[in-house]
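J.: Sequence:
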Amino acid sequence: MPTPPEQQLEVIRRGTVDLISEKELLARLQSGRPLTVKVGFDPTAPDLHLGHTVVMRKMRQFQDLGHTVVFLVGDFTGRIGDPTGRSKTRPPLSAEEIARNAETYKTQAFKILDPQRTVLRSNSEWLASLDGAALVRLAAQYTVARMLERDDFAKRVREQRPISIHEFLYPLFQAYDSVELRCDVELGGQDQLFNLVVGREVMKGYGLAPQCIVTVPVLEGTDAREEDGRIVGEKMSKSLGNTVALEDPPDEMFGKLMSICDPLMWRYYELLSELDAAAVRALRDDVAQGRAHPRDVKVRLARELVGRFHDPAAAAAAAGRFDKVHRGGEAPDEVPVVSLRSSAPLRLSRAIAQAGLAASGSDAQRLIQSGAVEVDGSRVSDKDASLAPGASYLVKVGKRRFARVTVEKEGP
Numbered sequence: 003m004p005t006p007p008e009q010q011l012e013v014i015r016r017g018t019v020d021l022i023s024e025k026e027l028l029a030r031l032q033s034g035r036p037l038t039v040k041v042g043f044d045p046t047a048p049d050l051h052l053g054h055t056v057v058m059r060k061m062r063q064f065q066d067l068g069h070t071v072v073f074l075v076g077d078f079t080g081r082i083g084d085p086t087g088r089s090k091t092r093p094p095l096s097a098e099e100i101a102r103n104a105e106t107y108k109t110q111a112f113k114i115l116d117p118q119r120t121v122l123r124s125n126s127e128w129l130a131s132l133d134g135a136a137l138v139r140l141a142a143q144y145t146v147a148r149m150l151e152r153d154d155f156a157k158r159v160r161e162q163r164p165i166s167i168h169e170f171l172y173p174l175f176q177a178y179d180s181v182e183l184r185c186d187v188e189l190g191g192q193d194q195l196f197n198l199v200v201g202r203e204v205m206k207g208y209g210l211a212p213q214c215i216v217t218v219p220v221l222e223g224t225d226a227r228e229e230d231g232r233i234v235g236e237k238m239s240k241s242l243g244n245t246v247a248l249e250d251p252p253d254e255m256f257g258k259l260m261s262i263c264d265p266l267m268w269r270y271y272e273l274l275s276e277l278d279a280a281a282v283r284a285l286r287d288d289v290a291q292g293r294a295h296p297r298d299v300k301v302r303l304a305r306e307l308v309g310r311f312h313d314p315a316a317a318a319a320a321a322g323r324f325d326k327v328h329r330g331g332e333a334p335d336e337v338p339v340v341s342l343r344s345s346a347p348l349r350l351s352r353a354i355a356q357a358g359l360a361a362s363g364s365d366a367q368r369l370i371q372s373g374a375v376e377v378d379g380s381r382v383s384d385k386d387a388s389l390a391p392g393a394s395y396l397v398k399v400g401k402r403r404f405a406r407v408t409v410e411k412e413g414p
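Numbering of the sequence shown is given in the working numbering, commencing with residue 3 and proceeding in unit increments.
FYI, nobody ran anything at the bench for these hints, they're computed from the structure. Keep in mind that the hints are not guaranteed to be accurate.
[Unchecked claim] The following label-pair restraints were derived from C-beta to C-beta distances:
1. Glu-229 to Arg-297: 36 to 46 Å
2. Ala-97 to Ala-346: 49 to 59 Å
3. Lys-240 to Phe-112: 19 to 29 Å
4. Pro-265 to Arg-381: 24 to 34 Å
[As the list claims (entries may be wrong)] Below are the DSSO-like pairs computed for lysine-lysine, each with C-alpha atoms no more than 30 Å apart in a straight line:
5. Lys-108 to Lys-240
6. Lys-258 to Lys-108
7. Lys-25 to Lys-206
8. Lys-411 to Lys-385
9. Lys-258 to Lys-113
10. Lys-237 to Lys-401
11. Lys-258 to Lys-326
12. Lys-108 to Lys-237
13. Lys-237 to Lys-113
14. Lys-258 to Lys-157
15. Lys-401 to Lys-258
16. Lys-237 to Lys-157
On a predicted model such as this, the values are computed, not experimentally measured, just so you know. Idealized CB from N, CA, C, for every residue including glycine.
Work out the full structure: start from the sequences and follow the hints.
T.: If you want it as structure tokens, here you go:
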């Protein structure tokens with residue numbers, strides 16, 4: 003039996019930041035037809051990450067209510083790059099990079115979405131063939147003054163930073179996607195609100211009923227921290243190196259999730275977990291009252307997410323290996339082996355860098371001096387420490403990086 007429109011609206015409203023407008027959306031739900039719900043993903047990196055899944059979970063809600071989701075791969079707009087939140091122009095990607103990334107997106111999407119209610123499209127299907135007259139008509143739908151209302155554009159003007167004309171085209175192209183797809187609803191992160199509103203206005207200019215807008219919170223990256231009682235940090239982004247990718251191996255995904263600060267854990271529970279709000283509140287209360295340790299609650303979250311994107315057995319194994327290394331102080335079962343040659347004692351900092359455990363020799367020295375390095379289970383703090391040739395050493399850097407370094411004697 004179909005879910006009544008009022009109940010559908012209640013489900014859609016849950017976890018939503020912006021809903022424009024409830025009245026319009028309810029009227030479309032009351033029509034009884036499946037709605038066309040569009041979400042665009044520019045394939046500017048090879049992997050989808052947990053930040054993407056916040057909006058994808060809302061997509062799945064629409065599907066479970068009987069609606070059709072268009073998973074739109076922005077293979078054309080990805081060559082421009084969305085200027086949202088950017089203080090400078092994005093560097094363009096090649097068509098080959100875009101195509102390669104787009105294929106991985108299509109396979110990863112069905113980790114969450116229902117294939118039977120998902121339509122895969124690419125916006126190059128219509129944008130690549132726009133002629134000059136069509137482009138002029140599209141550009142006429144919006145003014146420069148309205149474009150400069152965007153916070154990121156206005157900031158660049160104040161700071162006398164350049165704005166390229168093609169960056170103005172990005173929200174117009176995104177809007178034209180909605181025209182082509184005749185969207186009822188467009189979903190996006192709350193940072194996308196400006197672009198989605200442009201879509202409403204442009205659809206009116208083409209004589210179409212404007213799309214409804216649903217935005218969801220933006221997920222902070224793994225490096226976010228708490229300041230003055232609130233979470234502060236950039237959104238999860240591949241370019242910032244703070245992502246948990248859906249294709250990360252189980253151990254890597256588990257380790258990244260365990261690395262987040264305790265306050266951020268609750269944000270991840272709120273936006274990523276299948277636990278309902280009451281269950282999350284109960285967990286928070288248990289931690290606050292000392293009935294549960296934050297680490298154990300974080301393990302629960304990590305196991306849930308690794309289990310969802312891999313499988314429960316992989317999650318259990320990753321949890322066991324993490325516990326073995328971090329609580330028991332043991333090395334993992336599989337440690338990279340690095341063979342080096344030297345006729346004299348080899349500087350430990352050089353060995354660490356060559357083993358790929360540090361970015362450079364100077365970085366390795368900094369890690370040694372900070373107490374982050376152990377050799378065969380003993381902490382080393384002398385930056386000039388060395389490894390004698392003719393022996394093998396278990397080197398540990400930080401909490402999770404290991405290498406078995408063999409120093410072979412060089413010469414006669």
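J.: Hint by hint, where does the structure go against what was stated? Just the numbers, ascending.
T.: As far as the earlier hints go, 1, 14 are violated by this structure, in ascending order.
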